[in-house]
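Kindly produce the complete structure, drawing on both the sequences and the hints.
Protein chains in written order, with this note's numbering: chain C, 1 to 155; chain H, 1 to 486.
Be a bit skeptical, because a hint or two may be false.
As the list claims (entries may be wrong) - The list that follows gives simulated cross-link-like pairs (lysine-lysine, BS3-like), each with its CA atoms no further than 27 Å apart:
id : chain 1 : residue 1 : chain 2 : residue 2
1  : C       : K6        : H       : K485
2  : H       : K483      : C       : K7
3  : H       : K190      : H       : K459
4  : C       : K7        : H       : K459
5  : H       : K483      : C       : K6
Said to hold, decoys possible - Covered by chain C, according to a simulated footprint, are these stretches of chain H (three or more residues, beta-carbon under 8 Å):
id : region
6  : 314–326
7  : 434–447
In short, the hints are calculated from the structure, not lab data.
These figures come from a predicted structure and were not determined experimentally.
Quick reminder that beta carbons are idealized off the backbone N, C-alpha and C, glycines included.
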Amino acid sequence: MLDNNKKTETIQVLRWRVCITGLFAGLLWGSVAAVASFFNFTKVTPYTLIFTPWTNEQWGSRWFSEMISILVISIISIFIAFVYYLFLRRLTGITPGILFGLAIWLVIFLVFSNWLPAIPRLAELDQHTLVTTLCIMIMYGVFIGYTISYDFMDQ
Amino acid sequence: MIKRKDAPFKLGQIKKVEDYMREHVGVGESFDVDFREIILLKQKVHLYYVNGLCDSLIIVELLKVLIAINDNEHEAEQLPAIVKNRLVHQQFEETDQLDKIITDVLSGLIAVFIEGYDQAMIVDVRTYPGRSPEEPDTERVVRGSRDGYTENIIENTALTRRRVRDPRLRHEIIKVGERSQTDICLAYIKDLADPKLVKLIKKELEMVKTDGLSMADKSLEEFIVHQGLNPFPLVRYTERPDVASNHLFEGHILIMVDTSPSMIITPTTFFHHLQHAEEYRQSPAVGTFVRWVRFFGILISIFLLPFWYLLSIEEQLLPEMLQFIGPNEEGNIPLFLQIIFADVGIEFLRMAAIHTPAPLSTAMGLIAAVLIGEIAIDVGLFSPEVILYVALAAIGSYATPSYELSVANKLARLAIVITTAVFGLPGFVAGTTLYILALAKIKSLNTPYLWPFIPFNLKALLQILIRYSVPATETRPSITHPKQKR
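Structural data, given as structure tokens:
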């Protein structure tokens, strides 16, 4: 009985930590993408992914709309983190995280770009944007993947 | 390597012991291994010792007491018991293993053999040449305790024990090295430290097969953490007993190696190398500020130079407000070579400063400042901006509390500069990503190196970003897997 209670408790703690991980993954790597766009490393930013498919208007200044987009991405990231938690949490090491980030990157630029014309297709990306977004997405994937599998193994 | 066998005779055959010692330990050949025969109640008694490592006063005292047996006692058959009783020293032991006796004698203990008695008596009379505790050079604080570990492992355990009077503090001693027989002490608090890690370290220590650990802690570190080609320091060193005991309370395990004042702290992450005792001597707000400035300095030491180089070779990257950055004129030498030359030049200075005697180093500083700062620009070798950014990066590495980490970061910086030079922006971005991934992939004694950043742990990360006041840090860090969380 006691053991059972403890088990549910650890699972709850684990889920809570998955939430936090997703949230901060979005905040951190979204901000990195925004800063990278400030130095013209990438043309695709959180703003491109969140705002442009629906509207061409900006809310306030460009950086304000970037901030809103980063927040939206952070909330979406919570769900992405849960996807990882549900299907991939048993994988160890950083390689699954790298592949996870790569997969999300491919989904964005191969699948979503077909539905939403505002997101550039893979073939349309210039070299700088391609490398920068790919690297950021890989770091994002490792951040989520490694954290979740480490927390899971640690419990 | 020496293969030690059991002696083919009993220790009571005192003549055979003497022959064995002459043949295998060099009594009579090495002048420092000494031997003295005395006659007690008409029986021979032999004493073996190393004259440089023993305290003569104590030996003379012991001899006086032993000789007095001849005047006061008569029962010759009771001699071993009498001698045992008369050896007035608190550290006394009896053994019949000859190789242990030899190691003990060579460590500075004195061995007493009695004719016809099959045990040897060993008295700990050693005094090692050494210095008294001093403040360590690399970890100075403005205020606070000024003592530091020394080269003597016994003194070091005493300095720790003085701060941790917990009966559960354990100092386990292990001998490593076939020829050197170096003492290694594992210090941990029994009800805090992770028993799995204690076991793992003991296993690694037992697997060490080597002649000797002449570089003490560093040699041992390479055996237990399996460094390979990875340049990053996988354990933290400290020479301060207060830092060491603080880590003991957090559930870390210390490894002390005789002849070295540096304690190895495990498990260690990247962020342990970014902390310094000085932060804990200041108020939390000041400590936090100092820490942020330090983090900023370390970031600069890695990324500023390649980033500036990237911005100057690809000027379209600069946003409007930062157009002033970047060299105004090309210079006579390609920028990449200027950076490499300047960075290697600073490395020359650093190395020269380490082994230049103090009176010459002032002259060296003058030459460095005048030659590189002024003339190199005047003759058109370097552009001023290169000097600025290379100097900033160098100062950033000096702000890194861990010397080992600052040198490893320097390698990373040069690698990123090179990838940037070859591939431009993709090289910079991919180089930076690889740097972080490489750090994240490292595991030191089963501890992820970049914890609590990757894998992410919000609470622990906040404790690194903000220097909490001591009463506010109520829980132990989870990375040590402490048996008691608070």
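Hint-by-hint comparison with the structure:
{"no.": "1", "hint": "K6/C <-> K485/H", "result": "holds (16 Å)"}
{"no.": "2", "hint": "K483/H <-> K7/C", "result": "holds (18 Å)"}
{"no.": "3", "hint": "K190/H <-> K459/H", "result": "holds (25 Å)"}
{"no.": "4", "hint": "K7/C <-> K459/H", "result": "holds (22 Å)"}
{"no.": "5", "hint": "K483/H <-> K6/C", "result": "holds (17 Å)"}
{"no.": "6", "hint": "314–326", "result": "holds (count 4)"}
{"no.": "7", "hint": "434–447", "result": "holds (count 4)"}
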